[in-house]
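Student: For this one, chain A is given, so just place chain B on it according to the hints.
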Amino acid sequence: MGKVNITIDGIDMKVPEDYSVLEAAREVGVDIPTLCYLKDINEIGACRMCLVEIKQARGLQASCVYPVSEGLDIITNSESIRKARKATLELILSNHDRSCLTCNRNNSCELQALSDRLNVRELRYEGEKTLYPLDLKSHSIVRDNNKCILCRRCISMCKNIQTVSVIDTTERGFYSNISSPFDLSLNDVPCISCGQCINVCPVNALREKDDTELVWDAINDKSKHVVVQTAPATRVAIGEEFGLPIGTRCTKNMVGALRRIGFDKVFDTDTGADLTIMEEGTELLHRLNNGGKLPMITSCSPGWVTFCEYNFPEFLDNLSTCKSPMQMFGAVLKTYYAKKTNINPADIIVVAVMPCIAKKAESKRPEMSVNGLADVDHVITTRELAKMIKEAGIDFHTISSDHYDDPMGDASGAGVIFGATGGVMEAAIRTVYEIVTKKPLDNLDIISVRGIKGIKEANVQIGDFTLKAAVASGTGNARKLLEMVKSGEKDYHFIEIMACPGGCVNGGGQPIQSSAVRSKYDLREERAKAIYAEDVKLSVRKSHENKLVQKLYKEFLGEPGGHKSHELLHTHYIDREKYPISQ
Amino acid sequence: MSKNCQCGEDKVCQLDNVIKEHKNIAGALIPVLHEAQKIFGYLPMSVQKQISKGLNISLAEIYGVVTFYSEFSTEPKGEYQINVCLGTACYVKGANDILEQFKKQLKIDVGQTTSDNKFSINACRCVGACGLAPVVTINEEVYGKLVADDVKGILEKYQV
Chain A
2 MGKVNITIDG IDMKVPEDYS VLEAAREVGV DIPTLCYLKD INEIGACRMC LVEIKQARGL
62 QASCVYPVSE GLDIITNSES IRKARKATLE LILSNHDRSC LTCNRNNSCE LQALSDRLNV
122 RELRYEGEKT LYPLDLKSHS IVRDNNKCIL CRRCISMCKN IQTVSVIDTT ERGFYSNISS
182 PFDLSLNDVP CISCGQCINV CPVNALREKD DTELVWDAIN DKSKHVVVQT APATRVAIGE
242 EFGLPIGTRC TKNMVGALRR IGFDKVFDTD TGADLTIMEE GTELLHRLNN GGKLPMITSC
302 SPGWVTFCEY NFPEFLDNLS TCKSPMQMFG AVLKTYYAKK TNINPADIIV VAVMPCIAKK
362 AESKRPEMSV NGLADVDHVI TTRELAKMIK EAGIDFHTIS SDHYDDPMGD ASGAGVIFGA
422 TGGVMEAAIR TVYEIVTKKP LDNLDIISVR GIKGIKEANV QIGDFTLKAA VASGTGNARK
482 LLEMVKSGEK DYHFIEIMAC PGGCVNGGGQ PIQSSAVRSK YDLREERAKA IYAEDVKLSV
542 RKSHENKLVQ KLYKEFLGEP GGHKSHELLH THYIDREKYP ISQ
Chain B
156 MSKNCQCGED KVCQLDNVIK EHKNIAGALI PVLHEAQKIF GYLPMSVQKQ ISKGLNISLA
216 EIYGVVTFYS EFSTEPKGEY QINVCLGTAC YVKGANDILE QFKKQLKIDV GQTTSDNKFS
276 INACRCVGAC GLAPVVTINE EVYGKLVADD VKGILEKYQV
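Line by line, the protein sequences give chains A and B. Quick note on numbering: my numbering labels position 441 of the first sequence as 442, and the sequence is numbered without any gaps. Quick note on numbering: my numbering labels position 74 of the second sequence as 229, and the sequence is numbered without any gaps.
For reference, chain A alone in the conformation it holds in the complex:
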């Protein structure tokens, strides 16, 4: 990469020639304010907050989209720059619902932080306001355009990264707004509820449906036995809500806090993940040995499953029939656990803490139930749990508990790594290898499927058979991969797909980090490191060696893939039409 000489506020520097002025400035510690900018995802110069003076150009320029070139002379702080930035911000604020005190993003809002930083203490423009109804119809997402500042990060995420494309800018001028075609609710368009739009929203225009009150109500209902299960990725991210560094492992604090909140039992979804591996591994071997439909594709990620139903119905038979770990575990809690503890399943409320908002919608699917009882009653996100912990007055930093509750507590490291892209594949290989070869796997770390690359491939030698595997995360990458499979360019036995880039660690229910933080750290990488660290410290790292899972099959389920398993742990999918006209 060639370098160019530029001057920023009188400081001479040499920077790579593909830098923008904004990136160059940040390297010398000049923190130009931004609002719409999101590194690699939304670099469109729309909000005009990052304006600078460039000697070689007329007028003020948006530094986030201005490429550096030899001899560029840049001023980032002058009277006219400060005035322009402030006026622009005041104009944005003049048409913003400024109910900050009661806002879901109070204290985590980039607009609020910017107003403080630019020292806006009064608004000179009090003009007309656009008023939009709230979109409350989806089980997962709430859209509030009264908070929207038209930064278009959500569109970039939905359209370019995820290729879901259900929102865009509509109307024009003062009436411009972000919405779905024909102003349909997000519930009525092919939205997959991945929630990536929420994670990039600088304000509160997009948020998850808040289900915390339902959970409090359940806890307060003494006639109910309320159990909670926590997904792998929650434990490596929840600390961020309490100011801890990204990638801090907080399993003990989280378990302790959940117990203090008042759940009757605190269980681990990782056990459900181990169960998934037993079922999915068995299904894979069955497909391989009996000429079944290949490649088999994982079905743990409800965002991905919905994406497949809308966009690739021709692959529905390739989807594993396994329910997700959360649903499997819920089904087991309402049957096996109910029987074992002699509690009426109708009196058990299963709450799931997930890094995901698509899980909210998944739990409401009618097929996700047994004997008329939903497998999982309420799903809350990592963010929502953090709110409950704060509301309950629990000191997250000091509370601690050594382990999940018996009898459904202990999971394997294979269950933990479900939280990162490639984890399901790695966990499946650990088990399938040993089942097939009947020999222990020497190295449990299958590095080729780890890492944040969007599409990964691995050939795994299992005895004299070479398993051709692929892993994709982010539905945009899934689309690319499936198009290659469709055209015959690629050919695999087993594919893992997660809807969110980087997998569940970067799920739509995880703590939101600002654009500034995301410029410095790769959340996917930092949180995944913690996931793999968690795996290594566990004594059991293979799903089939999980004692509880072994007992479950012996006492209750019989064989993996057997009759009872099919009744409780497997499901089916629906070919969904996009935008049915009957709407």
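To be clear, the hints were calculated from the coordinates, so they are not data collected in a lab. Every residue, glycine too, gets a C-beta built ideally from N, C-alpha and C. Keep in mind that a hint or two might mislead.
[Unchecked claim] With the Cβ distance kept under 10 Å, some of the chain A side facing chain B (calculated, not the full set):
#1 Cys159
#2 Thr164
#3 Val167
#4 Ile168
#5 Thr170
#6 Thr171
#7 Phe175
#8 Asp184
[Unchecked claim] Below, a list of computed lysine to any residue pairs in the SDA-like style, where the Cα atoms sit at most 25 Å apart:
#9 A:Lys440 x A:Tyr554
#10 B:Lys262 x A:Tyr176
#11 A:Lys160 x B:Tyr224
#12 B:Lys178 x A:Leu132
#13 A:Lys579 x B:Asn211
#14 B:Lys208 x A:Ser488
#15 A:Lys294 x A:Tyr493
#16 A:Lys579 x B:Asp171
#17 B:Lys208 x A:Phe316
#18 B:Lys262 x A:Leu132
#19 A:Lys138 x B:Tyr224
#20 A:Lys481 x B:Gly209
#21 A:Lys555 x A:His545
[Claimed, not checked] Across the chosen pairs, the derived CB separations fall in these ranges:
#22 B:Lys208 x A:Met485: 18 to 28 Å
#23 B:Lys166 x A:Phe175: 30 to 40 Å
#24 B:Pro199 x A:Thr342: 50 to 60 Å
#25 A:Gln57 x B:Lys262: 55 to 65 Å
Tutor: Frame of chain A, contents of chain B only:
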């Protein structure tokens, strides 16, 4: 109608042919939308869906373009297009009162069409007849120097 399309619906076939002609051309969307509006008179969801599928562009993006340009309409257009000029000259001469009167008489808003499909009201920019301000055009007919009380009489001419 078409050699390839056999759906039996003339307009759908026509649009299909338009899409085929434009398919691999960059920037095809706006010309296709123009043609579609010519064929159907407006751009309902079914038409936008057909274009979305044909050009492989998301419905969200198409709807964004359709709502951006006032030329495109998602509502059926009436037999008589009432264009009320809101350009500067007409505006200061009271065009807003004229517009309000049309809305009141026809009980529809700007961009809408009466239930008998007879009239649509559009607010438009300068039509280049500032000397006659305030100006209204109904299809090819031009009405100038209007006052609100004229509106009822003008509409009556078209009610027969």
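Student: Hint by hint, note whether the structure agrees.
Tutor: Do the hints match the structure? See the list:
Checking cysteine 159 (chain A) against chain B by beta carbon gives a least distance of about 8 Å; that is within 10 Å, so the hint holds. Nearest Cβ of chain B to the Cβ of threonine 164 (chain A): about 9 Å, under the 10 Å cut. The hint holds. Restraint check, valine 167 (chain A) versus chain B: the minimum CB separation of about 5 Å is within 10 Å; hint holds. Evaluation of the isoleucine 168 (chain A) hint against chain B yields a held restraint, the C-beta minimum of about 6 Å falling below 10 Å.
At its closest, the beta carbon of threonine 170 (chain A) sits 5 Å from a beta carbon of chain B; the interface hint therefore holds under the 10 Å criterion. With a least beta-carbon distance of about 4 Å to chain B, the hint placing threonine 171 (chain A) at the interface is held under the 10 Å criterion. A cut of 10 Å between beta carbons decides the hint on phenylalanine 175 (chain A): the least distance to chain B is about 13 Å, and the hint is violated. With a cut of 10 Å, the hint placing aspartate 184 (chain A) at the interface with chain B holds, because the nearest CB-to-CB distance is about 9 Å.
Distance restraint check for lysine 440 (chain A) and tyrosine 554 (chain A): the Cα-Cα separation of roughly 22 Å lies within the 25 Å cut-off, and the hinted pair is therefore satisfied. Distance hint between lysine 262 (chain B) and tyrosine 176 (chain A) is fulfilled; the C-alpha atoms sit about 23 Å from each other, no more than 25 Å. Distance restraint check for lysine 160 (chain A) and tyrosine 224 (chain B): the Cα-Cα separation of roughly 21 Å lies within the 25 Å cut-off, and the hinted pair is therefore satisfied. A distance of roughly 39 Å separates the Cα atoms of lysine 178 (chain B) and leucine 132 (chain A); the hinted pair therefore is violated under the 25 Å criterion.
Restraint check for lysine 579 (chain A) and asparagine 211 (chain B): satisfied, since their Cα atoms lie roughly 13 Å apart, inside the 25 Å limit. Note on lysine 208 (chain B) and serine 488 (chain A): the hinted pairing holds, with a Cα-Cα distance of about 19 Å set against a maximum of 25 Å. Of the pairs offered as hints, the one joining lysine 294 (chain A) and tyrosine 493 (chain A) holds, with about 11 Å between alpha carbons and a cut-off of 25 Å not exceeded. Proposed proximity of lysine 579 (chain A) and aspartate 171 (chain B) is supported: the alpha carbons are some 19 Å apart, at most 25 Å.
Between lysine 208 (chain B) and phenylalanine 316 (chain A) the CA atoms are separated by roughly 19 Å; this keeps the pair inside 25 Å, and the hint holds. A C-alpha spacing of about 23 Å is found between lysine 262 (chain B) and leucine 132 (chain A), which places the hinted pair at or below 25 Å, so the restraint holds. Among the hinted pairs, lysine 138 (chain A) with tyrosine 224 (chain B) is inconsistent with the structure: their alpha-carbon atoms are about 29 Å apart, more than 25 Å. Among the hinted pairs, lysine 481 (chain A) with glycine 209 (chain B) is consistent with the structure: their alpha-carbon atoms are about 20 Å apart, no more than 25 Å.
Proximity of lysine 555 (chain A) to histidine 545 (chain A) is assessed by CA-CA distance (about 13 Å); at most 25 Å being required, the pair is judged to hold. Distance hint check: the CB atoms of lysine 208 (chain B) and methionine 485 (chain A) are about 22 Å apart, consistent with the given range 18 to 28 Å. Range check, lysine 166 (chain B) to phenylalanine 175 (chain A): Cβ separation about 35 Å, and the 30 to 40 Å hint holds. Between proline 199 (chain B) and threonine 342 (chain A) the CB atoms are about 57 Å apart, so this pair conforms to the stated range of 50 to 60 Å.
Separation of glutamine 57 (chain A) from lysine 262 (chain B) is about 58 Å and conforms to the stated range, judged on CB atoms against 55 to 65 Å.
Hints 7, 12 and 19 from the earlier list are contradicted by this structure; the remaining hints agree with it.
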